[in-house]
Amino acid sequence: MQFPFLSVIVFIPMVSALVLLLFKPEQKKAIRITALTAALLALALSIWVYFAYDKAAAGYQFIEKYTWMPLMGISLHFGVDGLSVPLVLLTGIVMVTGVMISWGIEDRPREFFAFLFLLASGVFGVFVSLDLFMLFFFYEIAVFPMFLLIVIWGWIKTREYAAMKLTLYLFIGSVISLIGALVMFWTSGAHTFDMLILETVKFSPVFQKIWFLPVFLGFAILGGIFPFHNWSPDGHVAAPTAVSMFHAGVLMKLGAFAALRVGIMLLPEGAKFWSPLIMGLALVNIVYGAFIASVQTDFKYVIGFSSVSHMGLVMMGFATLKPEGLIGAGVQMFSHGVMTALFFAAVGMVYDRAHTRDIPKLGGMIKPLPMVAIGVIIGSLVSMGMPGFSGFVAEFPIFMGIWKTQWMVAVLAAISIVVTASYVLLVVRRVFFGKMPAEFEGHISPINVLDKISLILLMGLMVGIGVFPALMVPWVQSGVQHVLTLLGGV
Amino acid sequence: MEFLSSHLLTLILFFPVLSAVIVFCLPKESLKAIRWTAFSASLVPFILTIILWLQFKSGQPGFQFENQYTWYAALHSTYHVGVDGLSLTMVLLTTLLTPLALLASFNIADRAKAYFMLFLFLETGMLGVFMSLDLLLFFVFWEIGLVPMYFLINQWGSEKGERTIWKGIKVQSRNYASLKFIIYTMAGSLGLLLAIQLLGVLFNTYDLQSLYANWKALEPSSGLLHFFGRVLTVSTVKTIAFWAFVISFAIKVPIWPFHTWLPDAHTEAPTAGSMILAGVLLKLGAYGFLRLVLPLYPMESAKFAGWLAFLAVMAIVFGAFAAFGQKDFKRLVAYSSVNHMGFVVLGIAAAAKAAGTLNATISLNGAVLQMFNHGLSAAGMFFLVGVLYERTHTRNLDDFGGLFPLVPIYGGILIFTSMASLGLPGLNGFVSEFLIVRGSWPVLTVSTALAMLGLLFTGAYILKGIKSVLHGPMNEHWSKGVHKLTEINLREIIVMAPLMILILVIGIFPAWMLDVINKAMMMIYK
Chain A
1 MQFPFLSVIV FIPMVSALVL LLFKPEQKKA IRITALTAAL LALALSIWVY FAYDKAAAGY
61 QFIEKYTWMP LMGISLHFGV DGLSVPLVLL TGIVMVTGVM ISWGIEDRPR EFFAFLFLLA
121 SGVFGVFVSL DLFMLFFFYE IAVFPMFLLI VIWGWIKTRE YAAMKLTLYL FIGSVISLIG
181 ALVMFWTSGA HTFDMLILET VKFSPVFQKI WFLPVFLGFA ILGGIFPFHN WSPDGHVAAP
241 TAVSMFHAGV LMKLGAFAAL RVGIMLLPEG AKFWSPLIMG LALVNIVYGA FIASVQTDFK
301 YVIGFSSVSH MGLVMMGFAT LKPEGLIGAG VQMFSHGVMT ALFFAAVGMV YDRAHTRDIP
361 KLGGMIKPLP MVAIGVIIGS LVSMGMPGFS GFVAEFPIFM GIWKTQWMVA VLAAISIVVT
421 ASYVLLVVRR VFFGKMPAEF EGHISPINVL DKISLILLMG LMVGIGVFPA LMVPWVQSGV
481 QHVLTLLGGV
Chain B
1 MEFLSSHLLT LILFFPVLSA VIVFCLPKES LKAIRWTAFS ASLVPFILTI ILWLQFKSGQ
61 PGFQFENQYT WYAALHSTYH VGVDGLSLTM VLLTTLLTPL ALLASFNIAD RAKAYFMLFL
121 FLETGMLGVF MSLDLLLFFV FWEIGLVPMY FLINQWGSEK GERTIWKGIK VQSRNYASLK
181 FIIYTMAGSL GLLLAIQLLG VLFNTYDLQS LYANWKALEP SSGLLHFFGR VLTVSTVKTI
241 AFWAFVISFA IKVPIWPFHT WLPDAHTEAP TAGSMILAGV LLKLGAYGFL RLVLPLYPME
301 SAKFAGWLAF LAVMAIVFGA FAAFGQKDFK RLVAYSSVNH MGFVVLGIAA AAKAAGTLNA
361 TISLNGAVLQ MFNHGLSAAG MFFLVGVLYE RTHTRNLDDF GGLFPLVPIY GGILIFTSMA
421 SLGLPGLNGF VSEFLIVRGS WPVLTVSTAL AMLGLLFTGA YILKGIKSVL HGPMNEHWSK
481 GVHKLTEINL REIIVMAPLM ILILVIGIFP AWMLDVINKA MMMIYK
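So the protein sequences, as listed, match chains A and B. Heads up, the first sequence is in the working numbering, so the first residue is 1 and it goes up one at a time. Heads up, the second sequence is in the working numbering, so the first residue is 1 and it goes up one at a time.
Rather than coming from a laboratory, the hints here were simulated on the basis of the structure.
Straight-line distance between alpha carbons at most 20 Å, and here's what the computed SDA-like set of lysine to any residue pairs gives:
1. B/Lys113 - A/Gly364
2. B/Lys160 - A/Arg430
3. B/Lys180 - A/Arg430
4. B/Lys180 - A/Phe433
Please build the complete structure, drawing on both the sequences and the hints.
Given below as structure tokens:
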């Protein structure tokens, strides 16, 4: 029997969360080192899985199946395909960088890391679950710690409001999806939650058309789809740095990924029927999100709304149901995850030192924080879809997919590129260039080694994939192949 | 050695990136090391380009020195580079001007490392556009070159000057100019981006040569896209795509009325930035016309050639008038670029209208040579303005006057370069402008006649520039004390020397270059 990579990846964070709780709260250093070790271990395993995944063979690999509740047809069934394996890697990366960037947390680090790791376990679990019930199980595990992390460690002004809003939104969404899942369970007659079996069940077209929308949108709420996006900027802003990174970097992908896995892959006929609507909503996301981001004065809100805009591109890619669109969406999930993690990390670093995120009050930060500035500049270039960076590798195929379905949408969506370019360049200039306000002179301490390593890692990924798309695209492509088969070989 | 000679283009293309990495590793304080490393590293692509030029077989049709590797397999886009006579000329111009621009930047002390690195990245971006034989790759390099230029203007541009935008909000001029530059160009490229996507979706390839053939093979009257229940035919779509390409390139050239970013960007950019901006970046637009618009849209180009010629004439005439009206020396030179690039577009328009005839070949020869020539003289002019500005910290023409006796060598060089720009017979500008006018006269007589009026004003503004700076009553402010004007130094003369030599050589003996260009034009646009 093969080494159970996936379950180890899923349970490392959960087990280490428990281990962390065994420490005394004063042993901060030991707690941090344990957390980092666990995160590195999870990352190492996800890198291994990423490169060991056989792209030529495609399909689900590293499959593990343990019976859990045979009465209900539920089993612990793990496996990855080309679409989920980059996301597992992404989660590993965000986990490690999140821990490194939160090194300086002084307020109850033990509980902080424990909750963060519980969240990570949930995220890993969703990406690798092949059982619908387990997917929900891990989905809720991922959402709940978020509430505590924001309420306890968040930004004092809005944390209670934002945490409440976020949790309620996401629970409502998941409840709706859960109802859909239960209906699928009963209707299929297969008496199982196993998605590999559910994929082969041919639900009647009417059933698919009725249930696709609730299932898809229920999950897509977490992906920030318009008009259910407005929990997300509030949530991002209120969360502490590492949580924002997780939240925008990984958690939003959880929504998009589950919407694809459960919505599109299990109910393909419904997806075909509703795709124009999803496209319309995603278009609003893309363009409206970019415009809203451009008028924000809070650095973190800018990033928050830009995430709404970029996640719109993911949804748009899904809605095209075309190979290019799906490939682009797959790469965009990874690219946006890395980019936004870097953005939130950078915002956090600036905020920790300047104690303000108000863009007009900042300036000249490149002098004391050169590495942060370079990181944000590269992130901005990714964000505006500049060729040579991962954003372009993702966005270009999405647009090609749109051309194949409804070309006018491509023309409209392209507006967002210019809007994005103008606001990110303005933000970069206002925060990092120009004259530094006198009050900050001498108060901005340089970032530490761990911060630097995190930034370099994230930057390297964005440039690497941008210059060599072959580092990621073949994986996604092999996963997309399977989706297309389910869609009837479109 | 075998590997090197078979990968000559790839080597030229990425050597600047490699040098940028080397510069990055140097210590921040050792300005001298940074400058000399960057400068000497930039000589390598130039030497390689000379080898390329010597090995290039001008009589052989198609592209030479091709390299092709998988790049983005899922989209069927490859890393495919190669040169023909057209791109070779542009590659030579780029690799020649970059070392000169770096040498001109030796006075940069503020964050020199970042400055030189950006410049080297810029070189790769420009070379990539000229070498790409894959449309997606072309677009990649087309956009990526904007980023270094944006930061060069934004960070090392002139520190003085404010612009009032609406509601009385004031911004620093260089911020205004750099953002205008990048947003204008990016917005202009949107149409190009969408048209490229359309081509990719239609033909599942981005390879230029297959695109030329496939795009031409489409039946003009068959339906292609749906638009609110109506079917758009291939010819309608082609017309829209044609304008998308044209507008994007027209902004870069720039053609009236898309030129307004240029005077701002040029004026605010650091000296070397202006040299490259005028010398090479503007050529990217003209190159786009020659490499993509004419071969992809021969029918549409012929149909709309009159409009293009009209815009070109507007650029020539208004560019000249606007240059004449400037008080700022650098703005004057900036508008002169609009004026000169107008001739390039006029030549292209004539060639599009009379495709395949002798007149077309003549005007194309003129257009390509004019691109090269303008690269030399505009870079020279911007550098000379920079030399003066560095000493006087003003660019206002009214502040100068009668400087010739103080700086005779500088004065001589300025007059020489101005004359090249004016189109004095015996210098390079005359050859190319004559060819363009000769080629387009029988095709677009009225436009050419109007352009000649513009040429008259070219003379007027250049003489005005020389007069206000060098002649007339001497402004005593510069003749003594701390403000005493110093003569052009050796480094600055070395920057100007290659430009002046080429200006003279091409003026007297243009055949060595025209031979390569002419054969290429005959083969590409037969």
